[in-house]
Amino acid sequence: MEGLGINPWMLLAQIVSFLLLLFILNAVGYKPIQRILRERQERIQKGLEEARAAEEARARVEAEREEILA
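First residue of the sequence shown: 481, per the working numbering; consecutive thereafter.
Take the hints with a grain of salt, since some may be wrong.
Stated by the list, open to error - Label pairs and their computed distance ranges (CB to CB):
{"hint": "1", "residue 1": "E530", "residue 2": "L491", "range": "34 to 44 Å"}
{"hint": "2", "residue 1": "A533", "residue 2": "A507", "range": "32 to 42 Å"}
{"hint": "3", "residue 1": "A537", "residue 2": "L501", "range": "28 to 38 Å"}
{"hint": "4", "residue 1": "Q514", "residue 2": "I548", "range": "46 to 56 Å"}
{"hint": "5", "residue 1": "R523", "residue 2": "L501", "range": "48 to 58 Å"}
{"hint": "6", "residue 1": "E530", "residue 2": "N506", "range": "32 to 42 Å"}
These aren't lab readings, by the way, just hints derived from the structure by calculation.
Remember, predicted model here, so these are calculated numbers, not experimental data.
The C-beta atom is built at its ideal place from N, Cα and C for all residues, glycine as well.
Could you put the whole structure together from the sequences, leaning on the hints where they help?
Shown next as structure tokens:
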């Protein structure tokens, strides 16, 4: 490797540094962002379910109103 101009100890140090940086970024950045996105998706899903339930309730009330008026 010396013939190629590559210092094996420097290569090892760079690999270790890269893996350490990858671990830190995963713990500090990726996992919290994934958690935030998952919570956001759950809130959106809950909102859609509540909207669907409200639409069904509105339809029932509308049907009752039509029945009373008829």
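Verification of the hints:
Checked against the hint of 34 to 44 Å, the pair E530 and L491 fails, with Cβ atoms roughly 56 Å apart. Against the hinted window of 32 to 42 Å, the Cβ-Cβ separation of A533 and A507 comes to about 39 Å, which satisfies the hint. One distance hint, 28 to 38 Å for the beta-carbon pair A537 and L501, is violated here, with the actual separation near 53 Å. Between Q514 and I548 the Cβ separation comes to about 51 Å, which falls inside the hinted range of 46 to 56 Å.
At roughly 32 Å, the beta-carbon separation of R523 and L501 lies outside the given 48 to 58 Å, and the hint is violated. Range check, E530 to N506: Cβ separation about 35 Å, and the 32 to 42 Å hint holds.
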